[in-house]
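Chemist: Whole structure, please, built from the sequences with the hints as guidance.
Going by UniProt numbering, the first residue of the sequence shown is number 1, and it counts up by one from there.
Since the hints were made in silico from the structure, they are not lab data.
Quick caveat: nothing in here was measured; it's all calculated off a predicted structure.
All residues carry an ideal CB built from backbone N, CA and C; glycine is no exception.
Check before you lean on any hint, since a few could be wrong.
As the list claims (entries may be wrong) - Pairwise CB distance ranges (calculated):
#1 E93 x L20: 33 to 39 Å
#2 L121 x R15: 29 to 35 Å
#3 L161 x F49: 31 to 37 Å
#4 F48 x V105: 30 to 36 Å
#5 F100 x V164: 46 to 52 Å
#6 W97 x T133: 43 to 49 Å
#7 K52 x L7: 38 to 44 Å
#8 K52 x V193: 41 to 47 Å
#9 V193 x T8: 36 to 42 Å
#10 T51 x G176: 37 to 43 Å
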Amino acid sequence: MGTTSFLTRAQGLLRIRNQLVRECLAEVLATFVMMTITLASAAQKIAFFETKGNLITSYLGGALGVMAGIYTAGGISGAHMNPAFSLAMCLIEQFPWWKFPIFVVVQTLGSFIAAGAVYILYYDAIWHHSNGTLTVTGPQETASIFATYPADFVSVANGFLDQVIGTGVLIIVVMGIMDPRNKPVPKGLEPVVVALLVLSIECSMGANCGCPLNPARDIGPRLFTYVAGWGPEVFRWVEGRGRGGDGR
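Modeler: Given below as C-alpha cells:
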C-alpha cells in the first residue's frame with residue numbers, strides 16, 4: 001500500500017498539465033524516436049562498410065522510424081515530426097499558425113538529440129571508419145550518416161525540384177490518408193500505411209539527394225555534425241563528394 005501510494009503521489013507531481021508543453025515534449029520524443037532509428041540504420045550501412053546494412057535496410061529503417069514516431073506520440077501532438085507537414089496543416093487551417101515556429105524548433109531539437117544519441121551509440125565504429133578524421137568527402141566520410149547530400153552531378157536547381165516533388169507527394173498522400181471522406185485506412189494502421197508511403201518515395205525518389213523530405217530531419221543532424229567536429233563543410237556543396245545521393 002505504501003509503495004502504491006508513493007507512486008500515485010509521484011505520478012501526480014510529475015504529471016504535466018500544460019497542453020502546449022505536453023505537445024512539445026511529445027513532438028520532441030516522436031522526432032527523436034524516428035530519427036534515432038533512421039540515423040542508426042544509416043550508421044550500420046556506412047560505418048561498417050556495408051557489411052551490416054545496405055541501401056534497402058537504410059530505407060526500411062527510415063520508413064519504420066516514421067511509423068514508430070507516429071505510434072509514440074500521434075495521440076498527443078499529432079506526431080508531425082516534419083515542418084513541411086506542420087506548414088501544410090496550417091495552410092488547411094487544421095493547425096494554429098502560432099504553434100508552427102514552436103513545432104519547427106522542437107522537431108529540430110528532437111533530430112539534433114537523436115544525432116547525438118547515434119553518434120554515441122556508434123562512436124567507435126564512426127572513428128574506426130573515418131580513420132580518426134571526421135570528413136564530409138571521400139571514401140571514409142561519415143557525415144552522410146547524419147545528413148543527406150546530393151549526388152555529384154545534381155545541380156542546386158534539380159536538387160530543389162527533387163525535394164519539392166518528393167515532399168509534395170508525401171504531404172498529398174498523407175492528407176488523403178487523413179481525409180475521412182476518402183477511402184479509409186483501418187483504424188490504428190495509419191502509421192503503417194504512412195511508413196509504406198515513405199518507403200515507396202525512398203525507393204523511387206532517393207537517388208538525387210538521399211530523400212530527406214523533412215527540413216528538421218536534415219537541419220538538426222547537420223547542425224550536430226557542425227558542432228561535433230565535421231566543421232562548416234557540412235553546409236557546403238562540394239563537387240565529387242564521393243558518396244552520392246544514396247547516403248542516408
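Chemist: Each hint should be assessed against the structure and marked as holding or not.
Modeler: Hints, one by one, checked against the model:
1. For the hinted restraint 33 to 39 Å between E93 and L20, the CB-CB distance of approximately 19 Å leaves it violated.
2. As the Cβ distance of L121 to R15 is approximately 31 Å, the hint placing it in 29 to 35 Å holds.
3. As the Cβ distance of L161 to F49 is approximately 33 Å, the hint placing it in 31 to 37 Å holds.
4. Range check, F48 to V105: about 33 Å between beta-carbon atoms, so the 30 to 36 Å window is met.
5. The beta-carbon spacing between F100 and V164, approximately 19 Å, falls outside the hinted interval of 46 to 52 Å.
6. For W97 and T133, the hinted distance range of 43 to 49 Å is satisfied, since their beta carbons lie about 45 Å from each other.
7. The supplied range of 38 to 44 Å is met by K52 and L7, whose beta-carbon atoms lie about 41 Å from each other.
8. Between K52 and V193 the C-beta distance comes to about 29 Å, which lies outside the given range of 41 to 47 Å.
9. The hinted window of 36 to 42 Å between V193 and T8 holds, with their beta carbons roughly 38 Å apart.
10. Range check, T51 to G176: about 39 Å between beta-carbon atoms, so the 37 to 43 Å window is met.
In summary, the numbered hints that this structure violates are 1, 5, 8.
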